[in-house]
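Chemist: So you can see what is in the structure, the chains are spelled out below.
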Amino acid sequence: MTTQALAQVLASGLLMGLIYALIAVGLSLIFGLMDVVNFAHGEFLMIAMYATFGLVLATQLDPVVLMPLVAALLFALGGASYLGVVRFAMRAKANQGMVQIFATFGLAILLQGVAQYLFTPDYRNVQNTWLGGRTLEVGGVFLPWPQIFGAVVSLAAFGGLHLLMSRTDFGRALEATREDQGAVALVGIDRNRVFALGWGLGAALVGLAGAVLAVFYYIHPQVGASFALIAYVTVALGGFGSVAGALVAGVIVGLVEAFTAVILPPALKSVGVYALYLAVVFVRPQGLFGRL
Amino acid sequence: MLLEVRSLSTAYQGLLAIQDVSLSVAKGEIVVVAGANGAGKSTLLKSIAGMERPRAGEVVFDGARIDGLPGHLITARGIAYVPENKRLFPRLSVADNLRLGRYLYRGEPDADGPLERVFALFPRLKERLPQRAATLSGGEQQMLAIGRALMTRPRLLMLDEPSQGIMPKLVDEIFSAIETIRAAGVTILLVEQRLAESLSIADRAYVLQTGRLILTGPAATLRDDPEVRRAHLGI
Chain A
0 MTTQALAQVL ASGLLMGLIY ALIAVGLSLI FGLMDVVNFA HGEFLMIAMY ATFGLVLATQ
60 LDPVVLMPLV AALLFALGGA SYLGVVRFAM RAKANQGMVQ IFATFGLAIL LQGVAQYLFT
120 PDYRNVQNTW LGGRTLEVGG VFLPWPQIFG AVVSLAAFGG LHLLMSRTDF GRALEATRED
180 QGAVALVGID RNRVFALGWG LGAALVGLAG AVLAVFYYIH PQVGASFALI AYVTVALGGF
240 GSVAGALVAG VIVGLVEAFT AVILPPALKS VGVYALYLAV VFVRPQGLFG RL
Chain B
0 MLLEVRSLST AYQGLLAIQD VSLSVAKGEI VVVAGANGAG KSTLLKSIAG MERPRAGEVV
60 FDGARIDGLP GHLITARGIA YVPENKRLFP RLSVADNLRL GRYLYRGEPD ADGPLERVFA
120 LFPRLKERLP QRAATLSGGE QQMLAIGRAL MTRPRLLMLD EPSQGIMPKL VDEIFSAIET
180 IRAAGVTILL VEQRLAESLS IADRAYVLQT GRLILTGPAA TLRDDPEVRR AHLGI
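So the sequence lines, in the order shown, correspond to chains A and B.
The opening residue of the first sequence carries number 0 in numbering that gives the first Met the number 0; numbering runs sequentially from there.
The opening residue of the second sequence carries number 0 in numbering that gives the first Met the number 0; numbering runs sequentially from there.
No lab work stands behind these hints: they were computed from the structure.
Heads up, some of the hints might be wrong.
[Said to hold, decoys possible] The following label-pair restraints were derived from C-beta to C-beta distances:
no. : chain 1 : residue 1 : chain 2 : residue 2 : range
1   : A       : L109      : B       : P69       : 24 to 34 Å
2   : A       : L228      : B       : N36       : 50 to 60 Å
3   : B       : S6        : A       : L117      : 55 to 65 Å
4   : A       : G112      : B       : R116      : 56 to 66 Å
5   : A       : G181      : B       : G216      : 49 to 59 Å
6   : B       : G106      : A       : A4        : 53 to 63 Å
[Claimed, not checked] Simulated coverage check for chain B against chain A, where a stretch passes if three residues somewhere in it have a Cβ under 8 Å from a Cβ of chain A:
no. : segment
7   : 6–19
8   : 90–96
9   : 114–125
Just so we're clear, the structure is a prediction, and the values are computed from it rather than from any experiment.
Cβ coordinates follow ideal geometry from the N, Cα and C atoms, glycine included.
Pulled out of the complex, with its shape left as it was, chain A reads as follows (with noise of 0.2 Å):
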């Protein structure tokens, strides 16, 4: 492998690898939380997706200008989510982990269905934007435009966040919250709000992403899970919960499987995400920076 060639994946697997963080980080974060997966998590991305996809359409704008809407919508999804499904969910009595299962992945099925309903199950792509196709070139390695600025995004986003959690009131509530919520009422905090604000900001997260996804992925009512399936192994990889974490192992994901792609057939590049996580569970079981 010349140098060229390794330093071509580096950089593809880096930039895919941050947008895969930028998927799996609201994802952590609501586990972080609550102790809730979100099986319906790859849902929220393939809605983001159609989101981006409509307002481009309805509006004619380009999609990095909607995407403080798209995320915005994402946030009003994901607080309903909380306030609709999830908290009826958690008041289960008896065997409230599989409820929570269940719950969450109802709210998959319903959203594709959903989707399927409304869109049908054609293949979308949103196109005349202002990124699509376009390649910046550094020293003979490639780089879309649309990944270069899902990463600078990906990064923004995590920097924002990092910011929210360390000197915000709502981001030292957050993390009172993930440390007991029973005792946040003690300060006067109201849990039911802090979790559907962390389910809003979890899903506004997974926006971003979308929105980034869209320039330059298909989209339709299956989207999801393929995406959500490498964000679980990202979230596992980096830690329930940890928002670092999954910065690290977003990026880790991203080269793993770029090397991947070029020593198998490229059908099989999923297989080394896949057997990564395999030696995750079996090593580390809680991850980089769990707290198992």
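Please build the complex by placing chain B on the supplied structure of chain A, with the hints as guidance.
Modeler: Frame of chain A; chain B shown alone:
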């Protein structure tokens, strides 16, 4: 009366932990609820604070019923509760724990208002600000829990066994802090097993036994009552 509890009963899994308990706390008082382990003292405070839902009875705070309200709204009404296990946020710093206490006043210019008073009360906390709460000693954790509670600007402060798990020297410090807090205008409802010490700072006392109130009166009377001395003070 600032706080009135009327015929309160609370059950755990069908078993009544407190039964038909009525008590009242006037503004500016220190009232102690004494009793052995398992007498229902903690359940009583939890039921007032909204952490347990009473099965029957009423809790009236400052003229309005608060039983059945969620805990965070009861805190917002002006009742701060320091539970027996303190429920600090162990991975967060001392500073963050205190800042969380002012959550209800976030965004207000004087949100940190009570902070100086907390530091004057417990100067050690000021030295420990960047430390994780989990790394504090038992006594310091109790100070932080009381400090955090004071940051919510309570009119009524409820303390559950503040002397538990603390070195004797710090116990005196905690008890004198309680008197200082009362002097600053905060009413105190105190649950304690250390009856002698708590009666010495209290105005009135109630004694709980297996979920029911069996004795009540001014602290001085109970302190001198031979029955109480024998049965509860071990003198």
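Chemist: Evaluate each hint against the coordinates.
Modeler: Consistency of the hints with the structure:
no.	hint	result
1	L109(A) / P69(B): 24 to 34 Å	holds (29 Å)
2	L228(A) / N36(B): 50 to 60 Å	holds (52 Å)
3	S6(B) / L117(A): 55 to 65 Å	holds (56 Å)
4	G112(A) / R116(B): 56 to 66 Å	holds (58 Å)
5	G181(A) / G216(B): 49 to 59 Å	violated (35 Å)
6	G106(B) / A4(A): 53 to 63 Å	holds (54 Å)
7	6–19	violated (count 0)
8	90–96	holds (count 3)
9	114–125	violated (count 0)
When held up to the earlier numbered hints, the structure conflicts with 5, 7 and 9 and fits the remainder.
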